[in-house]
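Residue numbers (my numbering): 1 to 121.
It is worth saying that the hints were derived from the structure and are not from the lab.
Just to be clear, a hint being listed does not mean it is correct.
[What the hints assert, rightly or not] Listed next, with one range per pair, are the computed distances between beta-carbon atoms:
#: 1; residue 1: D11; residue 2: K44; range: 28 to 36 angstroms
#: 2; residue 1: F2; residue 2: D87; range: 19 to 27 angstroms
#: 3; residue 1: N90; residue 2: E24; range: 27 to 35 angstroms
#: 4; residue 1: R116; residue 2: K66; range: 21 to 29 angstroms
#: 5; residue 1: A86; residue 2: D25; range: 14 to 22 angstroms
#: 6; residue 1: L118; residue 2: L93; range: 15 to 23 angstroms
#: 7; residue 1: P72; residue 2: D108; range: 16 to 24 angstroms
#: 8; residue 1: A86; residue 2: K46; range: 28 to 36 angstroms
#: 9; residue 1: K66; residue 2: D25; range: 27 to 35 angstroms
#: 10; residue 1: W55; residue 2: D17; range: 15 to 23 angstroms
All C-beta atoms, glycine included, are put in the ideal place defined by N, C-alpha and C.
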Amino acid sequence: MFAKKILICDDNEGILDMLTLVLEDDFNVITEQDSLNIYTLIEKEKPDLIVLDLWMPALSGDLILKNLKKNPDFAGIPVLVISASADGRNISLDAGADDYLEKPFDVDVFQETITRGLALR
Numbered sequence: 001m002f003a004k005k006i007l008i009c010d011d012n013e014g015i016l017d018m019l020t021l022v023l024e025d026d027f028n029v030i031t032e033q034d035s036l037n038i039y040t041l042i043e044k045e046k047p048d049l050i051v052l053d054l055w056m057p058a059l060s061g062d063l064i065l066k067n068l069k070k071n072p073d074f075a076g077i078p079v080l081v082i083s084a085s086a087d088g089r090n091i092s093l094d095a096g097a098d099d100y101l102e103k104p105f106d107v108d109v110f111q112e113t114i115t116r117g118l119a120l121r
């Protein structure tokens, strides 16, 4: 059986490294720091779940999310948004996020949220 594929897009390399360490034993993890590359990666990799930082340079997570949910090819991919922003939850859910975690978050809660998100697929 093939491992589920999770795409993580965050402009913070430390976050990408930490989340990869948490997930890499159970999942195929693809990471991207540059939000401008996200659509190409989604087309190429066809992830089972996307973890998306809300506030990134170039393209913000809420803009990416709105575009994904409008595209019938991508609309079914569950998206978990992560952010340190106080108003991030409302912005993310309004944009169509399937779930939201506020940074910093507990690793066990993150793993539970990933499992819940993959169950949506």
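So, going through the hints one by one against the coordinates:
Hint check: D11 to K44, Cβ distance near 20 angstroms, so the stated range 28 to 36 angstroms is violated. At about 38 angstroms, the beta-carbon gap between F2 and D87 misses the expected band of 19 to 27 angstroms. Against the hinted window of 27 to 35 angstroms, the Cβ-Cβ separation of N90 and E24 comes to about 32 angstroms, which satisfies the hint. Take R116 and K66: their Cβ atoms lie about 22 angstroms apart, and the range 21 to 29 angstroms holds.
A beta carbon spacing of about 33 angstroms between A86 and D25 contradicts the range 14 to 22 angstroms that was offered as a hint. Judged by the Cβ atoms, the range 15 to 23 angstroms given for L118 and L93 holds: they are separated by roughly 19 angstroms. A beta carbon spacing of about 34 angstroms between P72 and D108 contradicts the range 16 to 24 angstroms that was offered as a hint. Distance hint for A86 and K46: a CB-CB separation of about 34 angstroms, consistent with the stated range 28 to 36 angstroms.
Between K66 and D25 the CB atoms are about 33 angstroms apart, so this pair conforms to the stated range of 27 to 35 angstroms. Hint check: W55 to D17, Cβ distance near 19 angstroms, so the stated range 15 to 23 angstroms holds.
In this structure, the hints that do not hold are numbers 1, 2, 5, 7, in rising order.
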